[in-house]
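There are 2 protein chains.
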Amino acid sequence: MENKKDDFSEWYNEIIDLAKLSDKRYAIKGMNIWLPYGLKIIHLIDDLTRKYSDEKNFNEVSFPVLISREQLEVEFEHVKGFENEIYWVTRGGRDKLDIDLALRPTSESAMYTMFPLWIRSHSDLPFKIYQIVNVYRYETKHTRSFIRVREIHFYEAHTAHINYEDAENQMREHLKIWEELSNDLCIDYSLNTRPDWDKFPGAVYSVAFDTPMPGYRSLQVGTVHEYGKNFAKNYDIKYLDENGNLNYVNQTTFGLSERLLAAVIGIHGDDRGLILPYKIAPVQVIIVPIPGENYDKIVNYSSDIINKLSEMNIRCDIDKRDFTPGYKFNDWEMKGVPLRFEIGNKELSDKSITLALRTQKKKIKIKYENLNDVYNYLNAVNNDIRNSSKKFFDDNLIFIDSLDKINEDKMVKLYWCGSRECSDRIESISEKAVLGNVYGDNSSGKCMICGREGKLSVFSRTY
Amino acid sequence: MENKKDDFSEWYNEIIDLAKLSDKRYAIKGMNIWLPYGLKIIHLIDDLTRKYSDEKNFNEVSFPVLISREQLEVEFEHVKGFENEIYWVTRGGRDKLDIDLALRPTSESAMYTMFPLWIRSHSDLPFKIYQIVNVYRYETKHTRSFIRVREIHFYEAHTAHINYEDAENQMREHLKIWEELSNDLCIDYSLNTRPDWDKFPGAVYSVAFDTPMPGYRSLQVGTVHEYGKNFAKNYDIKYLDENGNLNYVNQTTFGLSERLLAAVIGIHGDDRGLILPYKIAPVQVIIVPIPGENYDKIVNYSSDIINKLSEMNIRCDIDKRDFTPGYKFNDWEMKGVPLRFEIGNKELSDKSITLALRTQKKKIKIKYENLNDVYNYLNAVNNDIRNSSKKFFDDNLIFIDSLDKINEDKMVKLYWCGSRECSDRIESISEKAVLGNVYGDNSSGKCMICGREGKLSVFSRTY
Chain A
2 MENKKDDFSE WYNEIIDLAK LSDKRYAIKG MNIWLPYGLK IIHLIDDLTR
52 KYSDEKNFNE VSFPVLISRE QLEVEFEHVK GFENEIYWVT RGGRDKLDID
102 LALRPTSESA MYTMFPLWIR SHSDLPFKIY QIVNVYRYET KHTRSFIRVR
152 EIHFYEAHTA HINYEDAENQ MREHLKIWEE LSNDLCIDYS LNTRPDWDKF
202 PGAVYSVAFD TPMPGYRSLQ VGTVHEYGKN FAKNYDIKYL DENGNLNYVN
252 QTTFGLSERL LAAVIGIHGD DRGLILPYKI APVQVIIVPI PGENYDKIVN
302 YSSDIINKLS EMNIRCDIDK RDFTPGYKFN DWEMKGVPLR FEIGNKELSD
352 KSITLALRTQ KKKIKIKYEN LNDVYNYLNA VNNDIRNSSK KFFDDNLIFI
402 DSLDKINEDK MVKLYWCGSR ECSDRIESIS EKAVLGNVYG DNSSGKCMIC
452 GREGKLSVFS RTY
Chain B
2 MENKKDDFSE WYNEIIDLAK LSDKRYAIKG MNIWLPYGLK IIHLIDDLTR
52 KYSDEKNFNE VSFPVLISRE QLEVEFEHVK GFENEIYWVT RGGRDKLDID
102 LALRPTSESA MYTMFPLWIR SHSDLPFKIY QIVNVYRYET KHTRSFIRVR
152 EIHFYEAHTA HINYEDAENQ MREHLKIWEE LSNDLCIDYS LNTRPDWDKF
202 PGAVYSVAFD TPMPGYRSLQ VGTVHEYGKN FAKNYDIKYL DENGNLNYVN
252 QTTFGLSERL LAAVIGIHGD DRGLILPYKI APVQVIIVPI PGENYDKIVN
302 YSSDIINKLS EMNIRCDIDK RDFTPGYKFN DWEMKGVPLR FEIGNKELSD
352 KSITLALRTQ KKKIKIKYEN LNDVYNYLNA VNNDIRNSSK KFFDDNLIFI
402 DSLDKINEDK MVKLYWCGSR ECSDRIESIS EKAVLGNVYG DNSSGKCMIC
452 GREGKLSVFS RTY
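Residue numbers (the numbering used here), protein chains in the order written: chain A, 2 to 464; chain B, 2 to 464.
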């Protein structure tokens with residue numbers, strides 16, 4: 002297998018093949034097949050996203066994949082932002098369609114043509130829905146599994162509120178969901194308010210979650226957008242307030258994609274394969290029975306352990322395939338399983354378990370009656386992942402105060418005046434694009450290029 | 002609300018609106034929005050389908066929605082069967098695509114272009130996968146929620162085997178899954194081997210699950226197909242057998258759709274609304290606290306019950322909305338919740354629960370300490386549903402032995418010689434189309450039209 006440090010890009014492609022996450026040999030480039038193991042992981046990520054959204058009183062819906070040109074063109078600025086990336090359905094059977102239909106690139110125009118039917122009065126607000134669907138982009142750039150694809154697994158939450166203040170509170174709630182989810186995934190991130198020319202088409206402002214990835218590039222894994230009344234005015238989304246007056250709603254959205262999986266693979270993985278945080282591991286504990294004397298009893302003892310773990314709601318499995326233990330160890334390490342139990346004759350005889358953490362070399366022996374501790378070990382693996390990803394994050398997002406450090410192979414924080422001239426200058430020197438102002442930071446300093454007053458901002462090469 | 006008996010069609014549309022299952026006011030006719038409650042129900046149906054499939058060692062995958070014209074045209078007979086129903090993507094951004102891309106009408110051609118990469122040797126067989134995705138049909142007929150739509154929620158299982166016998170065994174396993182699932186849904190059905198001219202395009206033979214629905218029509222809710230080597234030969238899917246020879250695989254498929262939900266609505270519902278079998282009820286027990294003296298304590302007691310039910314993995318909720326109890330009763334009856342708990346001052350004082358079954362008029366009083374019995378009451382509701390749907394089935398699928406009964410407003414079983422002339426004759430008299438021979442029936446009798454030897458067959462008007 003490729004060395005992650007030497008050639009991240011090759012390592013990344015290879016690990017996806019070897020762990021059987023997705024198959025990119027499908028006839029249409031950039032549209033990949035979710036293989037069983039990859040699909041299980043993304044479904045577990047979806048389950049967490051659902052949980053945190055449902056806890057905050059979002060309702061899940063599912064809109065059609067097709068959006069008519071008429072729906073899209075209601076918000077001109079919005080559709081312009083996507084027009085080069087839309088797949089168009091123009092024929093049904095042998096007929097040319099009367100009106101072209103877009104494969105959704107995102108669902109504003111699909112949803113907001115319905116909002117006026119659903120939102121009538123202040124008692125309908127806040128209105129909070131989400132869907133987990135595929136969206137489509139006719140990508141002309143080089144595609145890469147989970148990072149840049151033409152069919153994208155996507156979470157999109159859409160909300161409407163009585164006023165801007167409530168919408169701003171919602172923005173913070175979106176960030177809270179993101180905090181919970183990213184904590185489960187053990188991913189660090191930087192919140193950056195995108196410059197105006199790079200915000201979501203139609204938004205008042207956009208905040209992105211950017212994370213440094215190996216390969217000296219940052220990855221945008223999610224975004225929240227404040228729409229204010231921009232869409233409401235175009236799609237005529239009004240509510241009757243308590244005084245009987247009609248007002249436009251204020252709206253926000255929150256988007257996440259399969260890039261979350263890309264981040265998990267890229268940040269946590271090592272030269273032995275994937276490393277999965279336990280909440281998204283399809284198998285949290287794999288039991289490998291060691292062949293030899295009393296093999297049948299060893300398998301029985303292993304099944305006993307499986308039953309106990311299942312009662313504790315731990316996803317576990319026993320590998321009885323006809324391979325050597327060494328092969329199985331490698332295989333499950335490749336698949337990123339957090340804990341491995343090795344059960345041989347010795348473990349059978351003293352009712353113990355030899356336990357290997359995916360993140361540590363040493364093995365630990367525990368007693369059968371202490372099986373309840375397994376969550377501690379799962380958390381120990383998570384802690385190891387968190388520590389190393391935190392270190393990676395800190396090493397790869399650095400503050401610089403002089404231009405001669407701009408070409409470091411890292412994401413950089415620096416003071417920037419906000420002008421396009423200065424960010425273009427930085428990009429021309431370093432190929433680092435501006436990701437925006439650090440969200441929530443109130444410090445100020447001299448722009449590294451022009452010397453005018455600037456805000457703390459992040460620049461990086463990007464995926 | 003409409004009366005189910007008098008105008009089923011109106012009743013059906015109204016119940017979908019009132020129970021908020023789906024919204025058909027979307028801009029593209031026949032493409033409907035899954036509303037939160039409807040989506041929850043179909044997800045619960047999906048969960049059951051997944052469970053039964055996974056237990057039988059199927060693996061879940063997810064293929065891209067787009068299929069190139071080249072992939073589709075490998076199996077000419079197959080594509081011909083769909084050519085009038087395919088939505089075609091012909092443009093990406095401002096470019097005309099080099100090759101047209103179809104929105105999948107079904108996934109044979111998508112999957113089978115990959116099978117030769119995945120199936121190499123006999124040890125790869127049986128190969129069993131499924132996916133739960135949307136499929137697309139450019140319908141020109143009148144659309145109807147969950148019954149005939151242009152975007153269809155779909156389960157499709159695809160298998161490959163070393164020989165025809167194994168494929169036939171697989172057909173029986175598909176039917177076993179269907180038996181488990183239909184039992185959960187409390188739906189009766191007739192298994193019919195479709196006549197050759199109505200089998201799935203490319204199949205050796207097709208068996209459909211047809212169920213009588215109100216409105217004097219049958220509904221095809223699922224199908225299994227034996228493909229033999231038909232697709233394997235076109236898509237070149239071969240395996241190396243134990244003797245080192247290359248052979249074509251034998252294939253089968255199994256398909257289910259959102260029509261399952263249509264059947265549940267249509268067969269079980271009554272003039273008060275939906276009635277849901279508990280396994281697919283998003284809320285299995287709804288608690289309505291009765292306002293009055295000690296209301297706070299009543300709510301606390303209700304929460305206590307909620308906790309206990311949740312521990313038993315029962316999906317439950319408490320309705321604290323500012324409506325009258327009567328309004329709430331009607332509302333949850335409309336939504337088909339199997340059990341309602343009414344908790345007032347009396348129940349509080351004697352630690353009891355007044356329980357109403359969705360299928361019965363009388364109320365039952367149980368003690369708090371007997372809360373464990375709740376599964377019995379859920380099963381009692383299921384039994385009521387099963388009995389009434391069985392009666393409906395028996396009343397609406399009748400054997401007839403003379404042509405003068407052909408116009409009864411029911412599905413009919415009769416002996417038929419298998420010729421198209423005779424089935425066309427029956428259809429011209431009665432508008433009843435042939436659904437095929439009764440699967441597994443070996444009796445024979447004189448064809449009702451021509452008097453030649455015939456097999457027991459089912460005819461019906463269809464949705």
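Heads up, a few of these hints could be off.
The list treats identical chains as interchangeable, and a pair is accepted whether it falls inside one copy or across any two copies.
Said to hold, decoys possible - Lysine-lysine pairs mimicking DSBU-like chemistry, simulated, CA-CA at most 30 Å apart:
1) K280 <-> K234
2) K447 <-> K21
3) K142 <-> K321
4) K30 <-> K239
5) K234 <-> K362
6) K97 <-> K368
7) K406 <-> K447
8) K129 <-> K81
9) K447 <-> K329
10) K97 <-> K411
11) K321 <-> K309
12) K363 <-> K25
13) K230 <-> K30
14) K239 <-> K41
15) K5 <-> K364
Please keep in mind that the hints were generated in silico from the structure rather than gathered at the bench. Here the structure is a predicted model, which means the values were calculated and not measured.
Evaluated hints:
no. : hint          : result
1   : K280 <-> K234 : neither (41 Å within a copy, 43 Å between copies)
2   : K447 <-> K21  : neither (49 Å within a copy, 57 Å between copies)
3   : K142 <-> K321 : neither (44 Å within a copy, 53 Å between copies)
4   : K30 <-> K239  : between (42 Å within a copy, 25 Å between copies)
5   : K234 <-> K362 : neither (59 Å within a copy, 50 Å between copies)
6   : K97 <-> K368  : neither (70 Å within a copy, 66 Å between copies)
7   : K406 <-> K447 : within (16 Å within a copy, 93 Å between copies)
8   : K129 <-> K81  : within (26 Å within a copy, 44 Å between copies)
9   : K447 <-> K329 : neither (57 Å within a copy, 63 Å between copies)
10  : K97 <-> K411  : neither (51 Å within a copy, 39 Å between copies)
11  : K321 <-> K309 : within (18 Å within a copy, 39 Å between copies)
12  : K363 <-> K25  : neither (36 Å within a copy, 59 Å between copies)
13  : K230 <-> K30  : between (38 Å within a copy, 29 Å between copies)
14  : K239 <-> K41  : between (41 Å within a copy, 28 Å between copies)
15  : K5 <-> K364   : within (24 Å within a copy, 67 Å between copies)
Of the hints listed earlier, those the structure fails to meet are numbers 1, 2, 3, 5, 6, 9, 10, 12, in rising order.
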